[in-house]
Amino acid sequence: MQNTAISTRALDLLLLLRGSEPEGLGRADQVSYQIETAILMGILAEGDRLPTESVLAGELGISPITLRQSLAALRTKGLIETSRGRSGGSVIRRQIELTDTQLRHKLRDTSTESLRDLGDLRAAIASMSARLAASRADPQNVAHLMDLAKRHADTADERARRRMDSRFHVAVSIASQSSRLTSAALQLEAELMTLWWGHAEKSSSQSILAQQHMAIVDAIKERDPDAAAEAAELHSRSETEYLIEQHLKLTMQAGEDA
Amino acid sequence: MRDVETVRATLERTAEAISFSIGSVFEDLEKIAGAVTAAAFNARGVPRRSAFHFLKQDLADFISQHSGVIVGAGIAYAPGSLAEAPHWLEWWRAQPAGSSGEPRFVTHDLNPDSLNYYDYTSREWFTAPSASGKPVAVGPYVDFGGINVNIITLCVPAPTPHGTHILGGDLTLAKLEGVFLRALQLRDPSVVLLGPNGRVIASNDARIASGTLILDDDMRRVEESLDVSPGNPTRLPWKLISLRQ
Numbered sequence: 001m002q003n004t005a006i007s008t009r010a011l012d013l014l015l016l017l018r019g020s021e022p023e024g025l026g027r028a029d030q031v032s033y034q035i036e037t038a039i040l041m042g043i044l045a046e047g048d049r050l051p052t053e054s055v056l057a058g059e060l061g062i063s064p065i066t067l068r069q070s071l072a073a074l075r076t077k078g079l080i081e082t083s084r085g086r087s088g089g090s091v092i093r094r095q096i097e098l099t100d101t102q103l104r105h106k107l108r109d110t111s112t113e114s115l116r117d118l119g120d121l122r123a124a125i126a127s128m129s130a131r132l133a134a135s136r137a138d139p140q141n142v143a144h145l146m147d148l149a150k151r152h153a154d155t156a157d158e159r160a161r162r163r164m165d166s167r168f169h170v171a172v173s174i175a176s177q178s179s180r181l182t183s184a185a186l187q188l189e190a191e192l193m194t195l196w197w198g199h200a201e202k203s204s205s206q207s208i209l210a211q212q213h214m215a216i217v218d219a220i221k222e223r224d225p226d227a228a229a230e231a232a233e234l235h236s237r238s239e240t241e242y243l244i245e246q247h248l249k250l251t252m253q254a255g256e257d258a
Numbered sequence: 001m002r003d004v005e006t007v008r009a010t011l012e013r014t015a016e017a018i019s020f021s022i023g024s025v026f027e028d029l030e031k032i033a034g035a036v037t038a039a040a041f042n043a044r045g046v047p048r049r050s051a052f053h054f055l056k057q058d059l060a061d062f063i064s065q066h067s068g069v070i071v072g073a074g075i076a077y078a079p080g081s082l083a084e085a086p087h088w089l090e091w092w093r094a095q096p097a098g099s100s101g102e103p104r105f106v107t108h109d110l111n112p113d114s115l116n117y118y119d120y121t122s123r124e125w126f127t128a129p130s131a132s133g134k135p136v137a138v139g140p141y142v143d144f145g146g147i148n149v150n151i152i153t154l155c156v157p158a159p160t161p162h163g164t165h166i167l168g169g170d171l172t173l174a175k176l177e178g179v180f181l182r183a184l185q186l187r188d189p190s191v192v193l194l195g196p197n198g199r200v201i202a203s204n205d206a207r208i209a210s211g212t213l214i215l216d217d218d219m220r221r222v223e224e225s226l227d228v229s230p231g232n233p234t235r236l237p238w239k240l241i242s243l244r245q
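These protein sequence lines map, in sequence, to chains A and B.
Quick note: the first sequence uses our numbering, first residue 1, plus one each step.
Quick note: the second sequence uses our numbering, first residue 1, plus one each step.
Check the hints yourself; a few may be wrong.
[Said to hold, decoys possible] Chain A is faced by these chain B residues, among others (derived, beta-carbon under 10 angstroms): (1) A43; (2) P47; (3) A174; (4) S203.
FYI, nobody ran anything at the bench for these hints, they're computed from the structure.
All figures in this text were calculated on a predicted structure; none of them were measured in a lab.
Idealized CB from N, CA, C, for every residue including glycine.
Working from the sequences, and respecting the hints, build out all of it.
Following this line, the structure appears as structure tokens:
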């Protein structure tokens, strides 16, 4: 299999993930966490080649020794493979797949209050990003958003669609040309990626979400900031309600089992 | 008609479960408050903090015994009641689930010049039971400068010759939600556990989220409404309501 060097954009996104890690980690563990999150979100995919150790260490602002510790931890988990020599370097080896049970437990144990709080912040970031994107997105940004929205709607696999949804939201923030909004959006999406999003038994709710994506893209394309902000807020609220709904179901089930 | 009765019965069962769970927390806190009052009466003159040393163990036991709903507990001394400091607050927080160990001491910023100044003498959980002299559940409220999450504090006054101290136990909405949902076991109709001031403590409706204020539109749809603790509604001023579709 041909390994391809990761794009500058993927590297930028990886760097923006800094700060999303849990408190109390050492620097090497923080970087491993950052790279794992990027793999989980599909920013780094199987076959992607990481930059050389000295370049990557420079970008991450850490010493090569610290980076080597992070990479060793990722190797132990089987997430990357490192080879020596001219064509050597570290290559992403597999996608991280959390099990359904892990995702369900995480959603069950996250209270409605914290889901609501997460949703509040997401709505704030999403609506402001969409508002700014409506006046700042260039045709290329718009085409990219359109493409992601379509791919999201066409993806049948649950996890892949979830990743596509995240990429769409991050792309709206990128289109707003604000790196702080993008960083905040990335970190939120990374957190949401660890929750259970259920199976799309109800295709109607999936098609509503797909329509909402389209409404956001349309408003950005029409350069209508108010409509874009409103569409993004509505969409965030729908997704938050959907998550809380799943959480309520899982919690009641747990009560019946007990 | 049968449906309405079933919902009513479900609400009553849920109210009992919540009231039982909270009631036992109040009872244990009242025992500790009794010990504080007794210690103050036994002290000669204005007591020093050491007179209440037993609290550390009592509160640790209290927290671990009620870990299903309680995340922290402590005492706020009446201003000027201690020899050492005008204001004093001792609060402990349970260690996260899974990790063992004693509850950890929570520091509060008691410096009036600080941005983060925690002026407990103006917080409702301190003023309400001090004024009434009666136990009360205060909240939900976000305890900024304290534990920074949405909590309900069960407050019990401990009257002493030097002022009324307040003992408190903190419940998180997260833990209470579990008690509520597991007892309720009902998706339809919408049922809301409502605190005073219309703040939502828990609900089975994703649209009506914990910590928000219930909308007037929703209040117009109330079908059944009952006190969670009919025997002592001032201590636990919560209601369970069900909404019409």
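Here is what the structure says about each hint:
no., hint, result
1, A43, "41 angstroms, violated"
2, P47, "39 angstroms, violated"
3, A174, "3 angstroms, holds"
4, S203, "8 angstroms, holds"
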